[in-house]
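Protein sequence lines correspond, in order, to chains A and B. Sequential numbering of the first sequence, starting at 1, is according to the UniProt record's numbering. Sequential numbering of the second sequence, starting at 1, is according to the UniProt record's numbering.
Be aware that one or more of the hints could be misleading.
[Stated by the list, open to error] Label pairs and their in silico Cβ distance ranges:
1) A/Phe4 <-> B/Gly385: 50 to 60 Å
2) B/Leu621 <-> A/Ala14: 50 to 60 Å
3) B/Ser535 <-> A/Gly138: 13 to 23 Å
4) B/Gly590 <-> A/Ala170: 36 to 46 Å
5) B/Lys502 <-> A/Ala170: 44 to 54 Å
6) B/Asp198 <-> A/Gly138: 48 to 58 Å
[What the hints assert, rightly or not] Chain B stretches covered by chain A per the calculated footprint, using a threshold of three residues with CB under 8 Å from any CB of chain A:
7) 365–374
8) 577–585
Because the hints were derived from the structure by calculation, they are not lab data. Note that beta-carbon positions come from the ideal geometry of N, C-alpha and C, so glycine has one too.
In case you want the letters, here they are:
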Amino acid sequence: MKRFALWAPLAIFALLFAVVASGLIRPASKTIKSAMVGKPLPRFSLPAIVADKPGVTSATFGQGQPRLLNVFASWCVPCIAEAPQLMRLKALGVPIDGLAVRDTGPAVTAFLKRNGDPYARIGSDAQSTVQLSLGSSGVPETFVIDGRGVVVKQVIGDIHADDVPAILQAVRDAQ
Amino acid sequence: MMAEAGLAALWLAGALAALQLVMAAMAVARDRAEVVAAVRPVAIVQGVLALLAMAALVWVFLDSDMSVKLVVENSHSAKPWIYKFAGAWGNHEGSMLLWVTILGLAGGAVAIFERSLPERTLIATLGAQAAIALGFYAFLLFSSNPFARIVPAPADGLGLNPLLQDPGLAFHPPTLYTGYVGLSVAFSFAVGALVTRDVGPAFARAMRPWVLIAWIFLTLGITAGSYWAYYELGWGGWWFWDPVENASLMPWLAATALLHSVTVLATRDGLRAWTIMLAVVAFSMSMIGTFLVRSGILTSVHAFAVDPERGAFILALLALYIGGALALFAGRIGTVRAGTTFDPVSREGGLVANNLLLSVILGIVLIGTLYPIVAAGFGVQLSVGPPFFNKAAGPIALLLVAVMAVGPLLRWRRDDVRAVILRAAGPIVAAVLVALALLPIWPGLLPWAGLSLAAGLAVASVAPLWKRNLRRTPLFTYGMVLAHLGIAVSLAGMASDSAFTKETLVAVRAGEAARVGPYTVTLDGITPVIGENWSALEARLTARRGDGSRILRPQLRFFANPPTNTNESAILTVLDGQLYTVLGQPDGQGRWQLRLWWKPFVTLIWLGGAMIAIGGLLSLLGRVRRERRVALRESWA
């Protein structure tokens, strides 16, 4: 009896360990259900930030064709990693608008020269006000907006190569 | 360059930890005398190298070296220097490096200062310390390298969580970590003593100062953390039973139990197995705490999906150390001779009761903290909140306070029940008087019991000084008195806060006023304010009470990097409590939300916490002084 009791702590620990380890192994989903999904895009109007592109207004969306709205910044490191995927989506015919957060014209121009330019329009969100109204708290984030101007998908963080098919599917479904 | 130097130091420290482990094993198992002499110096150099690595990390943060990935992800060149400094450990990799640095320094300190342990046990202890360090070095080097570079180097960093941009929080983690890691020394002592089968009073006396140091730092860290949460989060409470809070409370509970049982072992040679067990449990709790916080398994299940490798690594280390120590315990403790026995009614008996109650509270907190994970295993998402913890742990904590009041009044080995009751008359009268006085304003059962017990405990705490020659009373007795008194003071603050707090939530225009407790608070106006890396809307409030009036300025802050809103509460501290004000959102029609609390005697909570820590410090000084005197006497004899 006494000897058995001595092993009890180890047994209890083993049990705890099994529980926590199972929590570790269990696949958890990466997608966070966004509060914006299913809601119309908030109304906003942002001025242009680079010379040869117009700014972005909410009226651009909801004109029958689904579009992506990509929140990015020239000072954002993951945005560099994301750039090739955006170029791929553009090549596949998906229109993309950009929201440059707390950025300057020359910095954005340089960024686009270095990493490619997937954007049809780029709005300057100098104070992050529109970004926050979209329920976005970091860069990069990407919203898929359907033909009626309703958000159908929000991707938090940079788009990886294996995210592209899902985004493409969301755009097709939103047609 | 500096990053590479830090990485090199980290590799060398890891290599030395491996060497230290092998040499200690050789020295203990084969009795190789020539190896024994080398273990201490290796432990010291290992600690110094870890410190160099940490210094290198602090350097690259202060220097805003944006070619280091960690700096880019957690810092920004425009940040005030103090937060660049603290930013070095305000992230996963940096905090793990800080952890292993304190671990290495603690091992080095044992190697330098520990003279009272038999040499073989000391070497085994240093071996155990090296084994722990080795695992964490491996973790840093193979899966959490803080010095990794990034190519191309970006122009600037992403910033630091604004909630962490607070001077209090900058030094909160190092304090808490010193406590956590200090317990690793107790753990290593226990393992060392098990390996050499040398569990006795001498071992306990050697271990006690290390436990005390860890406990003092934990107490300070928890107290400071509680106050930080209170004024920074703007939620108006001081304890939320948040998993992260529990992660620091659990080691504290275990360390408190250990502190008391190690005293029984040191002075009466009792509770041998129990003390060893507690030493293992205490450090296990700090590792589990680190794991829970660092892996994010509790606060967000996503953290694992982002990097399951890291979670698995820490979990494997946990299994190795805790499982290994528990197996060693089970296999070895039977061969350790049982200590002396005692009557249930005795100082030892009181300390056993204290230990059991602390363990029950620890069990409750642990179950409450882990339950959501277990439930998630069965597909149920839930969280265990304050109602559970308060209901389950509250009554037992009050019982513990009652035991605490009586404990120091008991004699060692055996005591007479009637004599004890006689000695406890003063505290009992004090408790009953307060209980009766509170009846007309009935504050609720738990606060009522809490305030009464606090009064009883306060009287009982100073009782050991009664009729004593105060100048000849040892310092550690003063320490105990102060620490116990601190518990009474804290308890009074908690009970008073939960019983008498008044809260008002209003929406007011400029010029309008609201009442809370004895105060009338008028909103004078709202003005924008620009800070170093934030901008804010600041309310000017005039708080009137009687004839006097004071100005308070709560803020709604906006940080750009990364974009976050925070509430900066404004707190007016007066003798009988605090007026706590928070500025909320505007309603768009000229009205502003104001949240006002009047919290009578809430400051006693942290005053008590400080008293507890200072009590621990006095005990430590008293113990060290006495040990030194004894050692001196022995060297003369």
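* Satisfaction of the hinted span 50 to 60 Å by the C-beta atoms belonging to B/Leu621 and A/Ala14 -> Violated, since B/Leu621 and A/Ala14 (Cβ atoms, about 41 Å apart) do not stay within the stated range.
* Asked: Per the hint of 48 to 58 Å, is the separation of the Cβ atoms of B/Asp198 and A/Gly138 within bounds?
  -> 55 Å, holds
* Asked: When you take the CB atoms of B/Ser535 and A/Gly138, is the distance between them in 13 to 23 Å?
  -> 19 Å, holds
* Asked: Mind checking, does the segment 577–585 of chain B have 3 or more residues with a CB under 8 Å from chain A?
  -> Violated - the segment 577–585 of chain B has 0 residues with a Cβ nearer than 8 Å to chain A, which falls short of three.
* Asked: At the C-beta level, are A/Phe4 and B/Gly385 separated by a distance inside 50 to 60 Å?
  -> 37 Å, violated
* Asked: Taking the CB of B/Lys502 and the CB of A/Ala170, does the distance hold inside 44 to 54 Å?
  -> For A/Ala170 against B/Lys502, whose Cβ atoms are near 51 Å apart, the range 44 to 54 Å holds.
* Asked: Do B/Gly590 and A/Ala170 keep their Cβ atoms within the hinted range of 36 to 46 Å?
  -> 42 Å Cβ-Cβ, so the 36 to 46 Å window holds.
* State whether the coverage of the segment 365–374 of chain B by chain A holds or is violated, taking the criterion as 3 or more residues with Cβ-Cβ distances under 8 Å. => holds (count 3)
Against the hints set out earlier in the document, violations occur for numbers 1, 2, 8.
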